[in-house]
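Enquirer: The opening residue of the sequence shown carries number 1 in the UniProt record's numbering; numbering runs sequentially from there.
I should point out that these hints are in silico values taken from the structure, not numbers from a laboratory. Treat the hints with caution; some may be incorrect.
Restricting the straight-line Cα-Cα distance to at most 27 angstroms, the calculated cross-link-like pairs of lysine-lysine (DSS-like) are [to be verified]: (1) K133 - K76; (2) K70 - K133; (3) K133 - K79; (4) K78 - K133.
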Amino acid sequence: MTKNRTDWLIISSALLLFVSLPGCDSTQMHRARQYNQVFNDMPVDMQLSSLNGHVREGDTPEAVYIAMGKPQSIEKIKKLDGVYEDHWIYLGNPAPESQILAPGNHHYITVNDFVWSNPFDDEATQRIAIVFKGDYLDRIEVENDTGDPLNMAFPSIVLPEGQPASIANEPSLAN
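Kindly produce the complete structure, drawing on both the sequences and the hints.
Expert: This is the structure we're talking about:
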């Protein structure tokens with residue numbers, strides 16, 4: 001009789017786990033569904049990178065939104081050459097023992113490397129600006145609380161050659 005109870009307990013636990021798994025979507029997966037058509041049109045490597053919370057140069061604003069969420073602010077800055085840049089600002093603190101991943105020749109930061117803060121957090125020690133030129137991520141700027149650039153533990157990101165850098169409208173970050 002005890003064996004039957006044990007078997008029933010194992011089967012019911014497995015069934016309960018199986019039924020509850022479809023509801024375990026990541027935050028990135030939820031945001032990808034918000035931009036379903038755009039997400040489906042992205043290259044596969046950009047989709048996977050976004051779903052894992054990674055951003056890298058050459059990413060679209062939608063890919064960055066899927067990976068990192070809505071920025072705390074967006075600043076549109078006109079450079080001396082007349083070209084506009086969109087700076088998506090995230091405030092936060094480094095996560096303990098964070099690690100930067102670098103597959104192949106692409107180096108990128110991942111959303112899991114920082115603990116994000118709300119925009120009014122006096123304790124935030126880092127300001128991360130995701131800088132777009134046109135429709136593509138051009139560079140990632142990280143500063144500490146004094147405004148000085150941080151000496152990060154990863155190499156600078158190099159924009160792939162031939163990447164378009166046209167001026168475009170600001171992305172819509174509905175939801």
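Enquirer: Hey, K70 versus K133, does the alpha-carbon distance stay inside 27 angstroms?
Expert: holds, 18 angstroms
Enquirer: Mind checking the alpha carbons of K78 and K133 for me, to see if they're no more than 27 angstroms apart?
Expert: Cα-Cα ~11 angstroms, so holds.
Enquirer: If you draw a straight line from the CA of K133 to the CA of K79, is it 27 angstroms or shorter?
Expert: holds, 11 angstroms
Enquirer: Please work out if K133 and K76 have their alpha carbons no farther apart than 27 angstroms.
Expert: Judged against 27 angstroms, a Cα distance of about 10 angstroms means the pair holds.
The structure is consistent with each of the numbered hints, conforming to all of them.
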